[in-house]
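In the order they appear, the protein sequences are chains L and G. Anchor point for the first sequence: position 223 equals 223 in our numbering, and the numbering is continuous, going up by one each time. Anchor point for the second sequence: position 216 equals 216 in our numbering, and the numbering is continuous, going up by one each time.
Some hints here could point you the wrong way.
[To be verified] Between beta-carbon pairs, the in silico distance windows are:
no., chain 1, residue 1, chain 2, residue 2, range
1, L, 125, G, 42, 27 to 35 Å
2, L, 70, G, 209, 48 to 56 Å
3, L, 146, G, 202, 55 to 63 Å
Keep in mind the hints are simulated off the structure, nothing from the lab. Bear in mind the structure is a predicted one, so any value in this text is a computation, not a measurement. Think of the CB as a built atom: it goes at the ideal place given N, C-alpha and C, for glycine as much as any other residue.
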Amino acid sequence: MRMILSRLFSAKMIKFDAVSKRYPGGHEALNNISFHLEKAAFAFLTGHSGAGKSTLLKLIMQMEKASSGQVFVNGQNLNRLSRRQLPYFRRNIGLVFQDHQLLFDRSVFENVALPLQIAGYDSREAGRRVRAALDKVGLLKKENQNPIALSGGEQQRVGIARAVVNKPALLLADEPTGNLDPLLSAEIMELFEEFNRVGVSVLIASHDLSLIAKLRYPVLTLDHGRMIRGATEKVVSDS
Amino acid sequence: MAAPKKVSKIKKPAKTNKPKRQKLSRPGSLSALLRNHQRVAVDSLDRLFATAAASALTWAMIAIAIALPLFLFIVLQNLQQFGSNLDETTQISIYMELDSSDAELLAAQNALNSHPTILSTEVINQAQALEEFQSLSGFGDALSGLTENPLPAVIVVTPNTEILEQVRALVSELSNIDKVDSVQYDLDWLQRLYGILNLAQRLTMMLGVLLAFGVALVVGNTVRLAIENRRDEIVVVKLVGGTDSFVARPFLYTGLWYGVGGGILASVLVLLAQFFMQGPVSALADLYNGEFVLIRLSLIDIFNVLLLGGFLGWFGAWLSVLRHLRAIEPR
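Could you put the whole structure together from the sequences, leaning on the hints where they help?
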């Protein structure tokens, strides 16, 4: 009952409540982090490398479990998420990687269709959605190519198409422009903004400060596992 | 006539098709699951054919491991049948002394015919014995060189009882008759044959069980390599929400196809072996006056072999999946 109520009344897409993450061996990646991200918000997560950006994203994806504290995603307490529920939980989150993580043994179309296959869509509906996603990232003409034949920017766009094809409520990106030049980076950011405009919550981990400064979105800053900006200010919300 | 039909056709999809299609594509539905099974089954078979040389090697290994006990099993079945034919006629052979005359032979037969526990008797005199031996043994030429007939006359007695003690009593009674050299009771060597066959059957079963484990391990190891090769894919699939069973499915089908393919090849091997042995076996069967019917691999047997192969392959893959797939997690 408490779970249902918290889901109904919580408007937060992501909520961290005094979360710490200690890796075996003693390295403390995150130290007492509290923040929240409203639904349909757009925010950056920044900090020097090793500050804990990736760890924070991994906690949201449940690739790692918090050592202490609680993480909520869309009102769901991830500490109570069973192994069986985990895949269904992940289907609501789109994830974009720095190295795009495309599979080179299949076409662009099949890469993007993967989440839909997993979710069990029939091929006609899946085809419709894949083409819509590829159209959005401007790669509809390349659907039959192997992603290895595409440029870095195009590969990243295929990765984004795959992340959004299932219409997730939350889009996470880990250094999505890390390997791209400024022009391509700006294009990628525009894509994320477009998805945000239709109600998708977006959280982008990046250390590209010039790009972040240009875009004027709320910024969460990590330093040695502590949140030094964004935690107490009411910046991370839907204005 | 066609016009109103058209109207209703246009109306229908507009009203009812949309929610229906939504329903069809609902994640987790049975039809979605079946679709995935179908796609994965075809895809994993395609993958095996794409690496035909490596797959053929695995198939051959599995085929040999299945064919060997299977062939032994069929041979044993044939031998057992051969024994059971003799079982119906638990006959006693009375070997007469070499110097007994035909008259003495007939007198002995007459005496035996009136015995209460004897059903019938049959006399094979020395000349008949020699003739039969010459035609069947293949030593005809060698025997024609002999000046004297070395074979004794035989009276074959069929008792009218199958109770072992009564037959044994009859045997000892018969050996005391005048001019009788020795009495041989077929059941004695038949029992020995059965003993050996039982032993051979046990050994074949043991061999079969060991080789079945071998098949599962071969498939398991091959599937382990397949899992390693598709590690990146597994990580991505798990991150975009693939369940454990979704991730495992291609590998379980891979194991299934290895097993079924091995089963098909094993059946072919056994059929070839049967074909190769047909000549000598039918010659041997002729020696037993056609009582011997060769048991062959039937269609049902082949079906069972495929089923067994498929199960072993699936089981081996399952062991491998259980051990290796959970260890691959996105980090």
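A quick look at each hint next to the structure:
no., hint, result
1, L:125 to G:42: 27 to 35 Å, "violated (20 Å)"
2, L:70 to G:209: 48 to 56 Å, "holds (52 Å)"
3, L:146 to G:202: 55 to 63 Å, "holds (56 Å)"
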